[in-house]
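Enquirer: Listed below, chain by chain, are the residues.
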Amino acid sequence: MTLWLAVLGMALVTFALRAAFLVLPPGIEMPAFFKRALHYVPAAVLTAIWAPEVLVQNEQLPAGAVAIAVAWRWRTTFATIIAGLLALHLFAGLM
Amino acid sequence: MLLGIVPFGVITGVAMVASGIPPLVAMLMSLIVFAGASMVASAQLLASSAPALLIVVTTLIINLRFMMYSASLRLHFADAPLGRRLAVAYLTADNVYGLMLGRFAEHPADAGKFEYFLGAGLLVWAAWQAAVLGGILIGAGVPAAWRLEFAAPLAFIAISIPFLRDRATLAAALAAGLAVVLTSNLPFRLAIVAAAVTGIAAGLLLERKKA
Chain A
46 MTLWLAVLGM ALVTFALRAA FLVLPPGIEM PAFFKRALHY VPAAVLTAIW APEVLVQNEQ
106 LPAGAVAIAV AWRWRTTFAT IIAGLLALHL FAGLM
Chain B
1277 MLLGIVPFGV ITGVAMVASG IPPLVAMLMS LIVFAGASMV ASAQLLASSA PALLIVVTTL
1337 IINLRFMMYS ASLRLHFADA PLGRRLAVAY LTADNVYGLM LGRFAEHPAD AGKFEYFLGA
1397 GLLVWAAWQA AVLGGILIGA GVPAAWRLEF AAPLAFIAIS IPFLRDRATL AAALAAGLAV
1457 VLTSNLPFRL AIVAAAVTGI AAGLLLERKK A
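As you go down the protein sequences, you meet chains A and B in turn. Residue numbers for the first sequence follow the working numbering, so the first one is 46 and each next one is one higher. Residue numbers for the second sequence follow the working numbering, so the first one is 1277 and each next one is one higher.
Calculated from the structure, these hints are not laboratory results. One or more of the hints may lead you astray.
Output of the computed footprint for chain A on chain B, the stretches with three or more beta carbons under 8 Å from beta carbons of chain A [claimed, not checked]:
no.	stretch
1	1344 to 1354
2	1358 to 1369
3	1439 to 1446
Footprint (simulated), chain A over chain B, 3 or more residues, beta carbon under 8 Å [said to hold, decoys possible]:
no.	stretch
4	1299 to 1310
5	1328 to 1336
6	1393 to 1400
7	1427 to 1435
8	1455 to 1461
Derived pair list, reagent style SDA-like, types lysine to any residue, alpha-carbon separation capped at 25 Å [stated by the list, open to error]:
no.	chain 1	residue 1	chain 2	residue 2
9	A	Lys80	B	Leu1367
10	A	Lys80	B	Phe1353
11	A	Lys80	A	Ala56
Using N, Cα and C, we set each Cβ at its ideal position, and we do this for glycine too.
Between the sequences and the hints, there should be enough to build the whole structure, so can you do that?
Expert: Spelled out as structure tokens, the structure:
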């Protein structure tokens, strides 16, 4: 039951967020403060998702640092994942 | 672009099945929710038997960025029929949005904006669903020694870095990362909420100083 409620709720919430300003009448604008706050949501939330898995005292920390450097330089998800996984195994062997 | 989606989709499929979601429900979730980050987070929450409301609230926080995308996409699709706008909404994903903004900046008066969005969106959608299906089918078949679960945070690193464009967004990310680690003792994933609030506050604070 929890599972079905969760799936349905997730679908509704996600679609509502995606459609929000695409279906509202053109005259309706976001309040300025809300718009400014929303600007920082991707940086804050996306970082908060990976930080707990990376900021720990073992090989995940240096592997995460390698991944951040690769992501910063090349901006490709695939290279980031491959480099991060290789670094994880490398540091696990070293530490 | 598709190269990045496929491993992330496979991980998402594996993570959902590993947390005990039946394969058919996992695939249904992928089709109707179509938002990987929130699906991985929900899988972890379901595994720790969190209430449905908390899962939905966590999804709301993680996917709040889509609201920002919708406000920006409206500038390009305001005159499109409702059906087309709903199609754009459903297909909005981080990488599709990023790609479109680049394209629309170069060709602001392009008449084929919808067709372009639809093409890129459907391509990403199909690759994503195929990857998730693959992950669901592989399920627990991936050797634990590969430590493939670490691919999920790695995918989020790659998705988050392009959003760090200036001092204020960098501060938002650093504050959020710090907050989520410091509040990690909170039950379930409430640390995400704490991190979102802290990160937004940090970003606004630095922006104000600059002005």
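Enquirer: Can you tell me if the stretch 1455 to 1461 of chain B counts as covered by chain A, using C-beta to C-beta distances under 8 Å and a minimum of three residues?
Expert: Result for this restraint: holds, n = 4.
Enquirer: Are three or more residues of the stretch 1393 to 1400 of chain B within 8 Å, CB to CB, of chain A?
Expert: violated (count 0)
Enquirer: Do three or more residues of the stretch 1427 to 1435 of chain B come closer than 8 Å to chain A, measuring C-beta to C-beta?
Expert: holds (count 9)
Enquirer: Lysine 80(A) and alanine 56(A) were given as a pair; does the straight-line alpha-carbon distance stay at or below 25 Å?
Expert: Given pair lysine 80(A), alanine 56(A) holds - Cα atoms ~24 Å apart, limit 25 Å.
Enquirer: With the threshold set at 25 Å, check whether the alpha-carbon distance from lysine 80(A) to leucine 1367(B) stays at or below it.
Expert: Given that 25 Å is the threshold and the Cα spacing comes to 22 Å, the pair holds.
Enquirer: Go check the stretch 1358 to 1369 of chain B versus chain A for me, would you? Three or more residues, Cβ under 8 Å, otherwise it fails.
Expert: holds (count 7)
Enquirer: Do at least three Cβ atoms from the stretch 1439 to 1446 of chain B come closer than 8 Å to Cβ atoms of chain A?
Expert: holds (count 5)
Enquirer: Counting residues of the stretch 1299 to 1310 of chain B that have a beta-carbon nearer than 8 Å to any beta-carbon of chain A, does the count reach 3?
Expert: holds (count 6)
Enquirer: Verify the proposed pairing of lysine 80(A) with phenylalanine 1353(B), using a straight-line Cα cut of 25 Å.
Expert: The hint holds at about 19 Å.
Enquirer: Can you tell me if the stretch 1328 to 1336 of chain B counts as covered by chain A, using C-beta to C-beta distances under 8 Å and a minimum of three residues?
Expert: With 6 residues close enough to chain A, the hint holds.
Enquirer: Is the listed coverage of the stretch 1344 to 1354 of chain B by chain A valid when you require three or more residues with a beta carbon under 8 Å from a beta carbon of that chain?
Expert: Since three or more residues must qualify, the claim that chain A covers the stretch 1344 to 1354 of chain B holds, with 8 doing so at under 8 Å.
Hint check: a violation occurs at hint 6 only; the rest are consistent with the structure.
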